[in-house]
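Q: Sequence:
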Amino acid sequence: MSTEKNRREISGLVVEKWANLGTCISHAENKTVFVKAAVPGETVRIRTDKENSKLIWGTVVSAEKISALRIESDCSAFPECGGCSYRHIPYEEELKIKKSLLSDSFLYVSKLDPSQIPEIGILSGPSNSYRNTAQIKIEFKKGKTNAGFYKENSNSLVHFPKEGCKHLPSEMNEYVRKNLANKKTFSRKGDWRLRYSSGEILEYDKKEVKIGPYLPEKIEWSIPAEGFTQVNRFLLEEWMLKIRSWIPKDCGPVLEFYSGAGLISLAIGHLVSRLSGYELSNSSVQAAEKNAKNIGYSHLEFHTLDLNSSLPKKLDSFGAELSILNPPRAGASSSLLDFLDGLRPSRVIYSSCNPSTLARDLGTLKNSGYKPKEIVLTDFFPRTKHFEVLVLLDL
1 MSTEKNRREI SGLVVEKWAN LGTCISHAEN KTVFVKAAVP GETVRIRTDK
51 ENSKLIWGTV VSAEKISALR IESDCSAFPE CGGCSYRHIP YEEELKIKKS
101 LLSDSFLYVS KLDPSQIPEI GILSGPSNSY RNTAQIKIEF KKGKTNAGFY
151 KENSNSLVHF PKEGCKHLPS EMNEYVRKNL ANKKTFSRKG DWRLRYSSGE
201 ILEYDKKEVK IGPYLPEKIE WSIPAEGFTQ VNRFLLEEWM LKIRSWIPKD
251 CGPVLEFYSG AGLISLAIGH LVSRLSGYEL SNSSVQAAEK NAKNIGYSHL
301 EFHTLDLNSS LPKKLDSFGA ELSILNPPRA GASSSLLDFL DGLRPSRVIY
351 SSCNPSTLAR DLGTLKNSGY KPKEIVLTDF FPRTKHFEVL VLLDL
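Note that full-length UniProt numbering has the sequence shown beginning at 1, numbered continuously upward.
Check the hints yourself; a few may be wrong.
What the hints assert, rightly or not - Quick list of simulated restraints, FRET-style, between CB atoms: (1) D250 - S335: 29 to 35 Å; (2) D394 - S335: 40 to 46 Å; (3) A68 - L395: 45 to 51 Å.
If you are wondering where the hints come from, they were derived from the structure by calculation, not from laboratory data.
Owing to the predicted nature of the structure, the values given are computational and were not obtained by experimental measurement.
Beta carbons: idealized from backbone N, C-alpha and C, even for Gly.
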């Protein structure tokens, strides 16, 4: 495997097509090359970032033949910073690419027939200043404290842009600049974890934070220290409203898996007769219980459970006709998919932060008789290689 010390340049690469993870594909030296900051149809010179006997990962240094789609990046840290992948093309084009890659994953990974794939909808919003959460890397080097983000395929630091990170609200960028200028004292853990909450910047690894109010009911959620929540402050409400629209009329009991601090549970609480949520993090379960109590939802209950282990038999008798899944990037556990195959609720809502594991799991759910009725690409992470997907499945 190559290191930064033996990086080299390769010229004359013809860029062939878009690939996953924000790259394009090319070929050189009998190897497949994944190229960052390229556009199909271009001829480019790259700097290699990483390579092995079969693959090369590299970043464009210059373009000899330039695509008409290419635009000038609005960030001084791109493409060195590993955070963004698409700042060299218009955002509208990025959405088309993500939609095409998602459709291909259903065809080639899920093995769905084209007739089984509904038209993919898109939820998108502003492509800048959207994040409510940031993990800024801290480096202690030669007596200095540096802050920034890692380079692509590297643990080397790219310094925080002087103009601020385009993903972050102006308040968060100002908070970062001010604290760096005042030589804030950092722990040696290496991460500075910030969350934008009601106009205030908090270090979320140290204290509970609130998000909201959202939805017509003006619901707020408390998120425990180090707790996870969706990061796009502009799309959160639309995402929850889309899930709401998929809850059947006169909905009976619901089983929710990977329920976190109750973000989805509270959003649909007034539409269901009962809900039982399951989550590995005990602090998140406690937060979900607190959140439900604060708005008077006594019919919602939450439990700590390792969803990688066998699910308890009592869940079979809960009578759920709807199950909701919101797993981490690893996707749904095989134990949970086996449980759903046995329980066979008439409807499943799957919220995924990783299209690759989603496609894998949809292949398994297809074998259990489930068919996708609606698919919505939710671009929680504009200008990056990441996006989320909502899928409604019925038997």
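Q: Output the numbers, in ascending order, of every earlier hint that fails for this structure.
A: 2
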